[in-house]
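Novice: Chains as they are written, first to last, in the UniProt record's numbering: chain A, 1 to 141; chain B, 1 to 141; chain C, 1 to 411; chain D, 1 to 411.
Calculated directly from the structure, the hints in this document are not laboratory data.
Note that the structure is predicted; figures quoted are calculated from it, not measured.
In this text, a Cβ means the ideal position worked out from N, Cα and C, and glycines have one as well.
Hints are supplied without guarantee of correctness; some may be wrong.
[Unchecked claim] Ranges between beta-carbon positions, derived for each pair:
hint	chain 1	residue 1	chain 2	residue 2	range
1	C	Gly388	A	Ala28	51 to 57 Å
2	D	Ser183	C	Gly25	56 to 62 Å
3	D	Leu288	C	Glu356	37 to 43 Å
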Amino acid sequence: MKASDWLAAHPAEAVTVSPEASLPEAAALFLEHPEVRDIYVVDAEGRVCGHLGFRRLAGLLLAHLRPTHSRRQLVERVVGGSVREHMDDHVLVMRPDERISEVFHHHMERRVEAIPVVDGERRLLGVIRIADLLRKAINRY
Amino acid sequence: MKASDWLAAHPAEAVTVSPEASLPEAAALFLEHPEVRDIYVVDAEGRVCGHLGFRRLAGLLLAHLRPTHSRRQLVERVVGGSVREHMDDHVLVMRPDERISEVFHHHMERRVEAIPVVDGERRLLGVIRIADLLRKAINRY
Amino acid sequence: MEILLIGILLLAGLAFGTLGSHYFGVPRVVGYILIGMLFSPDLLGDYLGLDAARWTQPLVAIALGIVAYLIGGAATVGQLRRLGVSIITATVGKVTGAFLLVFAGFVWLGVGVPDLPGWGVPLVLAALATITAPAAIVAIIHQYRARGPLTTALLGMVAMDDALGVVIFSVVLALLAADGVVSALPLVVWEIVAALVIGGIGGWLIERISRLLHEHELRLVALVGAIILLVGLAEAWHFSGLLAAMTLGFTARWFGGSHAERLFEPVEQLEEMVFVLFFTFAGLYFDLSVAVEHGWLILLFFMLRAAGQVVGSWIGARLGGAPPAIANNVGLGMLPQGGVAVGMALMLEGQPRFAEMATLAINIITASTLLTESIGALAARFGLQRAGELDMANGGQHAGQQGRRNGDEGK
Amino acid sequence: MEILLIGILLLAGLAFGTLGSHYFGVPRVVGYILIGMLFSPDLLGDYLGLDAARWTQPLVAIALGIVAYLIGGAATVGQLRRLGVSIITATVGKVTGAFLLVFAGFVWLGVGVPDLPGWGVPLVLAALATITAPAAIVAIIHQYRARGPLTTALLGMVAMDDALGVVIFSVVLALLAADGVVSALPLVVWEIVAALVIGGIGGWLIERISRLLHEHELRLVALVGAIILLVGLAEAWHFSGLLAAMTLGFTARWFGGSHAERLFEPVEQLEEMVFVLFFTFAGLYFDLSVAVEHGWLILLFFMLRAAGQVVGSWIGARLGGAPPAIANNVGLGMLPQGGVAVGMALMLEGQPRFAEMATLAINIITASTLLTESIGALAARFGLQRAGELDMANGGQHAGQQGRRNGDEGK
């Protein structure tokens, strides 16, 4: 099934944030949308330029609860920073004409729960959520 | 802060399932509670005997979307089975008198999003959710 | 110099393997082997002054232990029971068929080496013939969205047959070590029984220990440490390290209850590194003159193994009550040979008495891997198509899609 | 036999380390070292016929490369800039102070070995003195829920000072290799510059490559392969592998943009295994007679290093504008010494000319690690308490809590 067909049948909107937002601002977005685990960073032109996951963000903001840190985590804990510095700028995206089954597994590898679908300009058309795929899968049983 | 104090201030109920339930039944529970990523398996006496995470379940039910499998995953894909066979029977739990900061990091390690609090009989008193910890943390900023 | 060689093999092998799978759709394994061949003494190796010999042996022993552990942990007893009778009988039939036909064929031809009894080489090759590599088959099934009872049978069988292969190979090695002398039989029994007992105790211990270790990093140390210790003990006390490591995995999984991620995930992440090492090392040992001289042996091995497993799995599947559509096609789907067999052949290299046989075995298995990983994928596709389990309309666009998508990523 | 020894060291070290930290609250490192000592030739080693020598060297070189890669990737340029002036100056002051005082003290005493110029041993010990291990300090901060500017400064400093230590140690080794001969200066420059250039190019390449590899397992092969390749090249072309690996990490992180998980997480999971190997190996080399004979040197090293870093960090912090509450206490918090210094000392063992110095250095550093990991934790607590950043009411129940909770788990 193509991404565009899936989106037509299972519309789902992405939660987005600006790269200049602070980490607590991003956290507030997650708390507003309790079912969401992935938010997308979009620049001023509306293009997707990054991804921020819930666990990554929780790890940063709750670092003081962890008794061991890698050096990388030590620096992150001390320095803080905006969403831009902690987002993953290597976002896996889908085009509307790609087949879900060809792309999906890369997302499972990356431990994300939603796949953003973008047009030729990297503007968000919607997201394909694992939860919806799961809903379809259990209807087979 | 002690677990019991936290639960009094931030009550949150756990979603539970029976060990004999099928995987699609467990998936249906996740779809009913879209904000939840951890469900607890409780036996007939109401004692916690296992944990089933959303990603683990999605990995099992969507195995056909994955182009590579370890041998373990191959067998799981072929054999299926009930919740009992796929749950983690080594659940980290908290007692009401334990301090959150002493236990929390083990849960981050295990990639779960909620910590179950149980009494002396391993009956669920509630869960401590990372989202609530995060809510408290961002109020500091 | 060994460090440099290993670094080159890992990186160049990975690059060649992923590029090959990306642009030509061949399994990564093929690229790994070709890179190894490129750095073999006949080609670049001598010129660059690289020498692998000193490091290879302990690395291979440990790496094979890691893979055996994962094979042992593939299934619980409960899962085996529910796998279905016909999958079990078909697997046993497939393994037996390949073993018997390869053994008979090579005994009949009288293939041997000076240091060993006449049945030595055929027995080792027969044991190596029992192994099938899952990766190429799973990839075909994914690519064509195959679904149905044959697909299920194939998935179950490739997960299980390595375990049988490890047992057979371990017994064969024990027999060879005893040289067929009846008085040495207690040694053979010791080699097997000690492996089962020590591996079993180790599995129980490591499962207990892993419950106390919450951090992924610490569990990795414990699991890899246990495998290395077992392999070291096997060397010191002369029991089968391969079988012991598999027993470690099996009992750890057994005592570990249902959920195995804790015990196996940290080690699974090392598997690809192990395979890159195996295949590039095997390529290093590849000797063009041996391969050309024994070209007909390679072909014969390939034919006997294929015929044996097709017939054997047909008989096994029919005995287990599988319908003809499955029994006729299941053997075809399991040609690809790979990492475990190559690792086993490399292990032979370690013992001086087996050195000559090892060169022969490594060359036959390496060439046969190259052959079966390409032809095997076609055969699996043919079998699945004949059984009507392929979704042809949607399949087969893999390589192109992949290429384009990667271009889209990043900034 | 080497396989067996490594297996024993990994498992026994892990067991002893985690039990020690569980029941006595000492860092795991202490248990690792003690197990190594137990299997040293003086004690069980000879009796069991174990021999580590052949394997140690390449393993240590690769392991140190892995750690250096992680040190290099600890921060981006942007993060360094925002770390705050006083943290940078305090770190530089601390490193300089420890280096100068240890160097001056040992030169004044005239500590040396036959094969090297008089400034050789003091220079190496001074370089080793610059390293601080984060683990024990982070644990104290977590245990007592420390919070405040001193806590922040300590966390930033322990993350950064290893990088300076690696640079200093690499330069010192290059100087020693040139033996202080002025005509050999081009070689010294080559050893450093080549490491920076090759490591830098490697970092760019590996960042590009890792973007194409989606699977954790494949990225692990690429990253470890790159580190091994670099260490191998360093050996072949005589540049500093340690510095090159650190540059690899730094440039990979730099070109990798903000998000570094992809490039470092797979390798971070190996770090604990590397440390278990380092410390148990160091324990193996521990020689009671050397330690007793040079007991006063060990004490002197400890005192000079402590004094140097307390004074140095005070000066640095004040120059950087930190308030007295920070400047007075920051040096006290950074006594614990550990993995990187031990690994560096082990690396000296590899070159015959340095062998005698290596034995001395390993023994001094190992003993000093045992000392500083226990006393260092107390000192850090004292400093934090004096600065009023500890939450004493809630701290210090760690060991007991942990014990009980583990008992609750499982079926």
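Novice: Evaluate the given range 56 to 62 Å for the C-beta pair formed by Ser183 of chain D and Gly25 of chain C.
Specialist: holds (57 Å)
Novice: Against the range 51 to 57 Å, how does the distance between the Cβ atoms of Gly388 of chain C and Ala28 of chain A compare: consistent or not?
Specialist: holds (53 Å)
Novice: Are Leu288 of chain D and Glu356 of chain C spaced within 37 to 43 Å by their CB atoms?
Specialist: violated (48 Å)
Comparing the model with each numbered hint stated earlier shows that hint 3 is the single one that does not hold.
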